[in-house]
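Protein chains: 2
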Amino acid sequence: MAMYLSRPAEYALRAMSYMARLDPEKRIRTRDLSKAVDVPAAFLSKIMRRLTDQGILDAKKGHHGGYVLARPPAEVRFIDILRAVEFEPSVDHCLFGLGNCDAQNPCPLHREWSILKGHIEQWAKSHTLAESPKELQSSRQKRQSLRSAKLPA
Amino acid sequence: MAMYLSRPAEYALRAMSYMARLDPEKRIRTRDLSKAVDVPAAFLSKIMRRLTDQGILDAKKGHHGGYVLARPPAEVRFIDILRAVEFEPSVDHCLFGLGNCDAQNPCPLHREWSILKGHIEQWAKSHTLAESPKELQSSRQKRQSLRSAKLPA
DNA sequence: AACTCAATGGACTGTCAATTCCATTGAAAT
DNA sequence: ATTTCAATGGAATTGACAGTCCATTGAGTT
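Those protein sequence lines, which keep their order, are chains W and R. Each step along the first sequence adds one to the number in this note's numbering, with nothing skipped, and position 20 is 20. Each step along the second sequence adds one to the number in this note's numbering, with nothing skipped, and position 97 is 1097.
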């Protein structure tokens, strides 16, 4: 749709969504997560570091090391993930704004573009990692606890 | 915001938005449009070709050649422009869908992702090239006719 | 008819994000 | 202590997309 999520952003969303449905007691290694969500391990590793730095993940080195979510899924909004992964400092540039474009002196597309940005932001702020699993749960076997739910192949 | 418009898509929106506020009788050359919207001429040229192929622009070669909008601004939706410029055949892939993901067998992010895609699509469908100029008009000198309006530096 | 001008279209090049490689750090197990 | 394992982080490579070049086509002008 001409509209893209950066690769790191997409991968982060995938990986975190996956982890949200794992046993929060057990740590998962980059290597295993990499296979599960189909993202190159070395690259995923960098993304995990970002998420760790931002306090979304808790990392542990060595034997039985790996990652766990630092807080419950319901407290991790999509926007937290997207922000954590944002490599460049969010240019937030306007479509027509050739440098000199702001609310006072708006470019022709300023208003329309703002509307869309608002929608995207609203979306990212209003969804958390707790939602998708719930969906799956109800449409699948209900007796299995959320905590120990396994991802289907 | 981790969310991007492809360069061709952004340029196309910019260029078409600009053209919408030009005299619809006069043609504009790639070279001039290139300066006006600050997009490299050779690259803009390819984008113009796409828009021409899709019937959004009318092209004319040689002396006094150039482009004009093929239909009035109000009849050119943003989505028409975005679709015209889409280079690859819109993968429309799902965030978690590793190949096997659809409405029946949705991935964990399927629902949330659909919501956002809906917003974006709705935005692109509900705005046309006629809108931004109107905005500018009312906040600027009103006696100057829309047709002959010049873009401020 | 000859000339000029602008779009067309394909081949080529450059750039930056995506991805890999590798050496280091720190924590657990023996 | 030593070994092993996994995260860390920077440097090097790759690849996709952004951007350029150039030869061709077709429409006006003289």
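Hint data in this document are derived by calculation from the structure and do not stem from the laboratory. One should not assume that every hint holds.
Said to hold, decoys possible - Label-pair restraints from in silico Cβ distances:
{"#": "1", "chain 1": "R", "residue 1": "Ala1041", "chain 2": "W", "residue 2": "Lys35", "range": "44 to 50 Å"}
{"#": "2", "chain 1": "W", "residue 1": "Asp23", "chain 2": "R", "residue 2": "Thr1052", "range": "45 to 51 Å"}
{"#": "3", "chain 1": "R", "residue 1": "Ala1041", "chain 2": "W", "residue 2": "Pro40", "range": "53 to 59 Å"}
{"#": "4", "chain 1": "W", "residue 1": "Asp32", "chain 2": "R", "residue 2": "Arg1077", "range": "41 to 47 Å"}
{"#": "5", "chain 1": "R", "residue 1": "Glu1121", "chain 2": "W", "residue 2": "His93", "range": "42 to 48 Å"}
{"#": "6", "chain 1": "R", "residue 1": "Ala1042", "chain 2": "W", "residue 2": "Ala70", "range": "47 to 53 Å"}
{"#": "7", "chain 1": "R", "residue 1": "Thr1052", "chain 2": "W", "residue 2": "Arg111", "range": "49 to 55 Å"}
As the list claims (entries may be wrong) - Partial selection, computed: residues in chain W whose CB lies under 10 Å from chain R:
{"#": "8", "residue": "Arg14"}
{"#": "9", "residue": "Val68"}
{"#": "10", "residue": "Pro72"}
Keep in mind it's a predicted model, so treat the numbers as computed, not measured. Note that CB positions come from ideal geometry on N, CA and C, so glycine has one too.
Taking the numbered hints from earlier one at a time, note which ones the structure violates and give those numbers from smallest to largest. 2, 3, 5, 7, 9 and 10
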